[in-house]
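Assemble the complex: chain A is given as a structure, and chain B must be docked to it using the hints.
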Amino acid sequence: MSAHIPILAIAVPLLGGFAVPLLAKLHKGLRDAWALLVVLFVGACVGYVAVHVFTQGLWVYVLGARHPQETLAPGGFPIRIMLVVDGMSAFMGVIAGLLALVAFPFALRFLPEEEGKSLALTLGLLLLAGILGMAYTGDLFNFFVFLEVTSIAACALIGFRTWTSRAPEAAFKTMLLYSLSGLLFLLAVAFLYGEYGALNLAYLARELRGTFVDRLALGLFLAALLMKAAAAPVHFWAPDAYGEVPAAKALLLVVNTQVSLYGLWRVLFTLYGGLWDAGVGWLVVALGLLTMVVAAFMALVQTDLGRLVAYGAVSQIGYMMLGVGVGLVSLAGRPEYGLVALKGGVFHMLNDALTVGLLFLCVGAVEWTKGTRDLRELGGLGHGLPEVALCFLLAGLALAGLPPLNGFASKILIYQGSFRLSPILTAVAVLASILLLAVFARAFQGAFLGPKAEVPNRVPGVFLLSMAVLAVGLLVLGLVPGFFLEGVVTPAAEALWRGRALYLAAVLGG
Amino acid sequence: MIGNLPFVACMVLIALGFWTLLFKRNLVKLVIGVGLIESGVNLFLVALGYVRGGVPPIYTYAPAGAPMVLPTPQALTLTSIVIGLATTALMLAFAVVIYRHKGTLDARKIRELRG
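So the protein lines, in turn, are chains A and B.
Just so you know, the working numbering puts 1441 at position 400 of the first sequence, and the rest follows in order with no gaps.
Just so you know, the working numbering puts 156 at position 7 of the second sequence, and the rest follows in order with no gaps.
Chain A with its partners taken away, still in its complex shape (with noise of 0.2 Å):
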């Protein structure tokens, strides 16, 4: 049995998505007891994958072959499905099945029943699988499948609200860049086929040469994944998206635009490990910089709470980039202090997991009780929502980089290791977190502070509960990074930097 979990944790809740309306048709606390099951049971399949991956090395899960373990069919041909989870797979899994165990007991308490709630734990259920199924898969074929079930979920939530008129405006427009996205890769993964006949993500790196062909798929990967994890300047579909989708599955969107960014690692470290020149990694590193200042500045100027934090999201994204991006410049020269900044741009992956999870709950506990996400009206909710308040003021002061808190640990890191590269990028980086600063100084003060407020109705305490774990998190990453720097964001780090050879040996032999 438990040679089988890491594609049990993406078939439970594929089957056990489609299970929901149905349970839902019998009871509605059934229904709800369901989804929670199923995301409980994801959450301790990637938790026990992260501990084996992390204690024993990588995990290759092979699909139909006669046992899990067979990766080559007669012939020494690696033709099968398989799942290959490395440190930085394992990694992005605990990620997701972190926010959806937080994000689901939100979204039950959330959603309105009126409001097509059981198609929405479908949807969410459905992104999860698709997120889960990016992270693990070893195959070029299948992450493209996985990406189109993502876009499609994450689409059909974001369009959820057919009754607004902006909701299917945001939707339509993410999913023109979605296909696109989808298209360009599968166009990137029929080059690679046609010129080396195979899909196997292990193999294809084993015998990918560098040809003109090469490069153009590497183009279009690069160009697919960007759009799809909202970097600049292909990012405004994002604010659209989060600002509409129902805020407690905000978080799932996050963890998409995440798991594009890991497939764009995994392709540029695992799969062309070495092939490219340093240009690469200067046009990751000058994509990240405009992302992070274009969304904070975009982010000053905006009136919906919803869309300010959707901004502040982006501009992470940023911050991962030029983390990762000063990794890959290095990694040609192979001097250490590019392992310093690939690990910061990693780290930043679950701190802006944790940060931007807890600011969306802030954004969902404001819109349930007030009704309205506008700063212009808002004001004075710290009064009556204390709690609220506190949150939004930790992550906003975790999202801007502030010490002692979890923005901080991991973006010294990327600091460090990019000013070893040349001192304007961390100039520029330092500027964008002041900006974040000032933005969310003014939503705090525009939406917390002032006159006390009328507060209609309670935040219920699973809110609350959620809130908590999320702030938890933020603290004890900020106050002892270095046990999970050690523990989670080496190996990880580690796996995209060396472990290539263990990889491709792990799927081909020897």
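Calculated from the structure, these hints are not laboratory results.
All residues carry an ideal CB built from backbone N, CA and C; glycine is no exception.
Check each hint, because a few of them may be wrong.
Reference excerpt, derived from the structure (chain A facing chain B, CB under 8 Å, subset only) [claimed, not checked]: (1) S1192; (2) I1193; (3) S1206; (4) P1209; (5) F1213; (6) M1216; (7) S1220; (8) L1228; (9) A1231; (10) G1235; (11) Y1237; (12) L1478; (13) A1482; (14) F1485.
Some residues of chain B that are not near chain A, with every Cβ distance over 10 Å (derived) [claimed, not checked]: (15) L154; (16) P155; (17) V157; (18) A158; (19) A164; (20) L176; (21) F193; (22) P216; (23) M217; (24) P222; (25) K251.
Chain B alone, transformed into the frame defined by chain A:
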């Protein structure tokens, strides 16, 4: 030259699709543009798997020793067509909902979400 014709056709399809996405403002036409790119990519995949003089890759029917066309790209294309159906249907559904709200499909006139 004639062997390259499918590849020329898919490049034309993809280019047409991008042209539609860039210069058309009707939401349904945008969906058609995505559909064109998709057809181009699918054609590319199928054309990749073609082997000159190949027979369909069905073991029980193939004459002994005859070359078969590659089965994998066909499986990929089937999957990709199914996925394309889902995305197209979803986008058209959103276009319908937008039309009900705004009474127009012109992308310039429906823009509510800015900045």
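Using Cβ atoms only, decide whether A/S1220 comes closer than 8 Å to chain B, and label the hint accordingly. holds, 5 Å
Just checking, B/L154 versus chain A, shortest CB gap more than 10 Å? Nearest chain A Cβ is 16 Å from B/L154, so the label holds.
Examine each Cβ of chain A, and state whether all of them lie more than 10 Å from the Cβ of B/A158. holds, 15 Å
Does the interface hint hold: is A/G1235 within less than 8 Å of chain B, judged Cβ to Cβ? Cβ of A/G1235 sits 4 Å from chain B, so the hint holds.
Does A/L1228 pass the interface hint, meaning its C-beta sits closer than 8 Å to a C-beta of chain B? holds, 5 Å
Would B/A164 pass as off the interface with chain A, using Cβ distances and a cut of 10 Å? holds, 13 Å
Assertion that B/P155 lies outside the chain A interface [Cβ separation over 10 Å]: holds, 12 Å
With 10 Å as the threshold, tell me whether B/V157 passes as away from chain A on beta-carbon distances. holds, 15 Å
Hint check: is the beta carbon of A/F1213 less than 8 Å from a beta carbon of chain B? holds, 4 Å
Taking 8 Å as the limit, does the beta-carbon of A/M1216 come near enough to a beta-carbon in chain B? Since the shortest Cβ distance to chain B is 5 Å, the answer is holds.
Test the statement that B/P216 is away from the interface with chain A: the closest C-beta pair must be farther apart than 10 Å. With a cut-off of 10 Å, B/P216 remains clear of chain A, as the shortest Cβ separation is near 14 Å.
Min Cβ distance, A/S1192 to chain B: is it shorter than 8 Å? holds, 7 Å
Figure legend: structure checked against the earlier numbered hints; hints not met, in rising order: 11, 12, 13, 14, 20, 21, 24 and 25.
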